[in-house]
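Each chain, letter by letter, is given below.
Number of protein chains: 4
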Amino acid sequence: MIRFESDYTEGTHPEIIKKLAETNLEQTIGYGEDEYCDNASKIIKHLCNNDVDIYFLVGGTQANTTIICSALRPYQGVISADTGHINVHETGAIEATGHKILSIPSLDGKIIASQIEVLCNIHFNDTGREHAVQPGMVYISNPTENGTIYKYSELKKINEVCKKYSLYLFLDGARLGYGLMASENDLTLENITELCDVFYIGGTKVGALFGEAVVIKNENIKKDFRYNIKQHGGMLAKGRLLGIQFETLFKDNLYFKISLHAIKLANMLREAFNKAGFDFLYNSPTNQLFPIIEDKILDKLSKKYTFSYWKRIDENHSAVRFCTSWATKETDVLALINDINKTIL
Amino acid sequence: MIRFESDYTEGTHPEIIKKLAETNLEQTIGYGEDEYCDNASKIIKHLCNNDVDIYFLVGGTQANTTIICSALRPYQGVISADTGHINVHETGAIEATGHKILSIPSLDGKIIASQIEVLCNIHFNDTGREHAVQPGMVYISNPTENGTIYKYSELKKINEVCKKYSLYLFLDGARLGYGLMASENDLTLENITELCDVFYIGGTKVGALFGEAVVIKNENIKKDFRYNIKQHGGMLAKGRLLGIQFETLFKDNLYFKISLHAIKLANMLREAFNKAGFDFLYNSPTNQLFPIIEDKILDKLSKKYTFSYWKRIDENHSAVRFCTSWATKETDVLALINDINKTIL
Amino acid sequence: MIRFESDYTEGTHPEIIKKLAETNLEQTIGYGEDEYCDNASKIIKHLCNNDVDIYFLVGGTQANTTIICSALRPYQGVISADTGHINVHETGAIEATGHKILSIPSLDGKIIASQIEVLCNIHFNDTGREHAVQPGMVYISNPTENGTIYKYSELKKINEVCKKYSLYLFLDGARLGYGLMASENDLTLENITELCDVFYIGGTKVGALFGEAVVIKNENIKKDFRYNIKQHGGMLAKGRLLGIQFETLFKDNLYFKISLHAIKLANMLREAFNKAGFDFLYNSPTNQLFPIIEDKILDKLSKKYTFSYWKRIDENHSAVRFCTSWATKETDVLALINDINKTIL
Amino acid sequence: MIRFESDYTEGTHPEIIKKLAETNLEQTIGYGEDEYCDNASKIIKHLCNNDVDIYFLVGGTQANTTIICSALRPYQGVISADTGHINVHETGAIEATGHKILSIPSLDGKIIASQIEVLCNIHFNDTGREHAVQPGMVYISNPTENGTIYKYSELKKINEVCKKYSLYLFLDGARLGYGLMASENDLTLENITELCDVFYIGGTKVGALFGEAVVIKNENIKKDFRYNIKQHGGMLAKGRLLGIQFETLFKDNLYFKISLHAIKLANMLREAFNKAGFDFLYNSPTNQLFPIIEDKILDKLSKKYTFSYWKRIDENHSAVRFCTSWATKETDVLALINDINKTIL
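Sequence lines, in order, name chains A, B, C and D. Quick note on my numbering: the first sequence kicks off at 8 and runs consecutively. Quick note on my numbering: the second sequence kicks off at 8 and runs consecutively. Quick note on my numbering: the third sequence kicks off at 8 and runs consecutively. Quick note on my numbering: the fourth sequence kicks off at 8 and runs consecutively.
By construction, these hints were calculated from the structure, which means they are not laboratory data. One should not assume that every hint holds.
The list treats identical chains as one, so a pair stands whether inside a single copy or across any two.
Calculated cross-link-like contacts (lysine-lysine; reagent style BS3-like; alpha-carbon spacing at most 25 Å) [stated by the list, open to error]:
| no. | residue 1 | residue 2 |
| --- | --- | --- |
| 1 | Lys26 | Lys229 |
| 2 | Lys163 | Lys26 |
| 3 | Lys224 | Lys25 |
| 4 | Lys336 | Lys170 |
| 5 | Lys224 | Lys303 |
| 6 | Lys258 | Lys224 |
| 7 | Lys336 | Lys25 |
Please read these numbers as outputs of a predicted model, since none were measured by experiment.
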């Protein structure tokens, strides 16, 4: 079975497993205060080109929870697309820390500045506003859960409305590499740092065994962040494991190279779906593709390939998700394309 | 610098890093539902010899939090030694989920059944009991944070008082291997399963890169446990990383062999401290030693070795912690013993 | 200024203030264990005609929070209309106890059984369901925040889908009296007890100074409920204040009589709005009316009367809320009707 | 039966019930924004002689919870005497909002500045401090749960150590009137305002039906405090009930006069216990007395009087609590004294 269901079906980039093996019996101090973490931080800070703090956490839900509840007061909530990972895919982890998610309808995973403006305008102009949750933060993911990405101009407008209403802006970059390498992208790490208060660079889905690098620009969120990490179970004893992985990923631009690899293969696959006449549920320029396919064809493909079932479209069609990743082999993509072409004949 | 400050200064046992490298580019499904996790579970279930569920989590604080808040009702608290890890070393992670820790004074890290009995007796016989937190669980660690261990008879008595007052019994086994291999120990994994509702077998401090294997016997705690894991950020995307590690540790008793290694070296070191005339703060038969040493001597030793500062004893003496582990080299212990002998001349 | 903005602009029914004055210097034990609370409980139990527990709480948000977090496990959420009081008007009090609200779109404040069925069907049939909040309870209000009410047959169907998916059914009766006395109503307290696991009978908006009577039928929610009350700050020291109020309200059907008074006046007012040619935003048969009125007319009325601004309808029209209550004077309603008729000439 | 078990066995001061009756059918806006609340605030602000915000809450647990979780960050805890009401008598209400109580041993209910200093010194100088809860606030009660009170000099020293470590100082004044009127007292409302960041003036136990007046001096805690009140279920719909009560209590110094009444009767009773040769468990100069009495004598007294059982002292003696209050009748105290004298013959 060839797996296209997600971008975390393999272990880690060979450079990382090699480095972990090489350093395995070295002795270091624990909890992320070792040299590997320091080095990785320095490299990432340089790319962000700002006075930021860097922390390495094990996974995405942990990162989202720790960041959001570090930033908000108890009566504040976080604005998110209704499709946002924190809203539908984290078993209420955010609410478990006491915060409501103020969801905004989204067609493709993105929200736009004017939606935030409307919501805040209603809240802050209501004389009975203390009866409702106060918006305190905006959460966006880039790429989104649907593979779409924000343009610089869109992010800039969101940044402006956040400033206007004193909201923190937080970007979940679980798949950031695939976003930055997409052809349509016009954002850099430096831009993101400039426009957001906090974001993270995903490792789990982009070449690491596990791990997300949290980048904090806002001084309020920086304060005592390690206490928050520990309280949420994110203070890895052998913190160097994260340092080693991110040092390897960012030392020679490995992160960007392997992301680009996934994008190239996704582009090949997208073109094949297009040629085969399939529509897409979302217009994703990144490594996740959401073709709408006849159920009969899906049955055939599922004999040999795995993919994620996404949504029923009509009696005979479904939207599914195919992912490429840093680890996807070109031969597997070519085989899949070949089989697609065969099935539609 | 030779490190004795903790049992997590190295990476992982060479067998594990080898296995991780070998399986690195295999494709598996995520979130702990792969074959490696299944195999590891089967082996551990066999050792526990009971109808238990096994879940693999990344770290100790995460395991403690997830277990405790899965078991308790909102108005219930968990009884713990005041020295318990959850009470003093987890930044209020348990309270962050809403539960009070009902602490009991402890001299050496252990609590005894009669202390629990007294506390429960007072609570449940008070007509105004609903004004206080209801005891709902007992938390013990074995070995304790001070290296001491429970005897079968002690654990049996705690089990009985727990039954009497409908308390869950939870054993934190972050260093369980070192406890089970101590000369004084008379407990087995099967005994612990028999006497506790839930416990975990620590990997992070006993040969793994990271990871704890949670063993649940009580049906109430089993129910929907994966939801709780996810909510607390513990659902590792590449869950197989934990399966591979625990399969390797338990397949050929590697866990017990490497624990025994640490105990043997700790015994050598204990004898050396004894001969040198040092008292111990706690009577630990496991891999953590807490000698009381003149500050002048500590100054000398700290040029070459790291250890944890524990407590000031008097103007000139301090208690410190030296740990051995699965990774400690005999030559390093011998060097340390040699230097101890030299410094006291 | 004559106030129609809400049903809590006055103090309490004269019988209650009289009774409070009469008993004022009596000595009783505290925390709701006095004879007045006992008597009030007995009367209400008799009306519910079931083996229920009764608890008296100070207010609605407190009642909602205490009930919901008594019933749910940490990873469970509560299904509610998106217009539900807990979803939009309690500053995230439910989320502050860790639970997500799973909101369902509602046009008039009500939800229907098939909406719950769809949501549960999706959740419980998803293999990755542990990544999402598990539905654990259904929250409805009757009358709703929009004045609408449930028929017996509708509530019965909701009850059935709740049983099918093991959901608790909780009815918020902050304005229950006004619902039970509406002409369209076909429910009794006994029916509600039969069909719900827990509900409360609102006092604050129906004649009491403050207070809600929580009626619990389900044994799981009954268990240790007083601990939950205390933890949420609802254990009133002078608990008898609540007992005296509810005893007075239910002894001679006062609660129903004064509710009927409000309904009669609402009916007069509704008819007047109708005659004046105004549409209504919601089709409310209870004490809250939501006429859609030209802004110019509203300006005139607001010189003499208060009402709640609800929603802009178009450039020149708004929906507003007028409430009658146990305390509304017929002369005030007649004056208002007179002024409505004058303004539309 | 004559009740001395607590200071909340009666309703409210006759002036208050009279005022509630007089204003009963007036119409006001809700949620504490009426004129009665405004007036009460003004009077209390004048007494505090500082730029403070005043909020009226229903009860003590609610006030403690709302204040503490408004002030603290998620990883911070509150320092309290182990005997503190929040630590032992509120069913974990503080922990339910996520915060650990850092308890300090106390013999008589008070803590002293040097205890706080030691605790903070250890925490903030530890390199691994992020593994423990950060002290963020000091909670004291005055009078304490044991009837003892703080002198100006003691409170001043606590204030200084709080400033040194950036801790908020919060004084729980559930029985503040009885403290301020005690002969030994040298504090005023103005002093307390000067030395604390936030405190509350208890009404429930000092003449009100219910209610506590929260006084906030610190700007950080003032910010958005009404959101916090609402989230914790403390936004009383008919907020004027609190305004009317506190206006009545503070308009003509009624609060101080009725507190003094209780103190005078407590003094008579204390003298009688002294003369009868009884020791006291705590040296309380306020309205709570804790005599140590032979069980045989207690048996006799309990035929006619209620009191609270506090603690077994030895095989034949117990400490009990007798309270006087604003409502205690001198004739009842004289009868009790008479009976004490008879029983010891």
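Hint by hint, here is what the structure shows:
In this homomeric assembly, lysine 26 and lysine 229 never come within 25 Å of each other (Cα to Cα): the closest approach is 30 Å inside a single copy and 38 Å across copies. Taking the closest pair of Cα atoms, lysine 163 and lysine 26 never come within 25 Å of each other, the shortest separation being 38 Å inside a single copy and 46 Å across copies. In this assembly of identical chains, lysine 224 and lysine 25 lie within 25 Å of each other by CA distance neither inside one copy nor across copies; the values are 32 Å within and 39 Å between. Proximity of lysine 336 to lysine 170 under the C-alpha cut-off of 25 Å is found in neither arrangement, the shortest distances being 44 Å within a copy and 49 Å between copies.
Taking the closest pair of Cα atoms, lysine 224 and lysine 303 never come within 25 Å of each other, the shortest separation being 50 Å inside a single copy and 44 Å across copies. Taking CA atoms no more than 25 Å apart as the test, lysine 258 paired with lysine 224 passes inside one copy only; the shortest distance there is 22 Å, against 46 Å between copies. For a Cα distance limit of 25 Å, the shortest separation of lysine 336 from lysine 25 qualifies both inside one copy, at 20 Å, and across copies, at 23 Å.
In the structure shown, a violation is registered for the earlier hints numbered 1, 2, 3, 4 and 5, in ascending order.
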